[in-house]
Amino acid sequence: MKVLLICSAGMSTSMLVNNMMKFAEAGDAVEALPFGELEAKIADYDVVLLGPQIRFKLKDVEKVAAEHGKPTEVIDMRVYGTMNGQAAMEQARRLLA
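Note that the numbering used here numbers the sequence shown so that position 46 is 46, with each residue one more than the last.
If you are wondering where the hints come from, they were derived from the structure by calculation, not from laboratory data.
Among these hints, one or two may not hold up.
[Stated by the list, open to error] Pairs of lysine to any residue, SDA-like flavour, derived with a Cα cap of 20 angstroms:
1. K59 x P34
2. K57 x V79
3. K59 x A87
4. K63 x D46
5. K57 x K70
6. K22 x E67
7. K59 x K22
8. K2 x E67
9. K41 x E62
10. K41 x S8
All values derive from a computational prediction rather than experimental measurement.
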């Protein structure tokens, strides 16, 4: 499973990426990119998670994701705030189920 985390700049989200990889299975990949790179990179991923700090961009992200058939959801604020990599990976897996 390839997970794309969309954020404003990628700084704090990179910490979540590291925590998510602790719960990754073989072949899993997680990357954080700023919103501006979404359209150019979305085809390379299976699921898109949006950082809660830019939840106001959800409709824009959903539109691009729908064009590529990619499920999308905002990461729960508590999960993001605590950098809970396990919960974020579970969210991504649930979206693909």
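What hints, given by number in increasing order, does this structure fail?
Hints 3, 6 and 7 not satisfied by this model.
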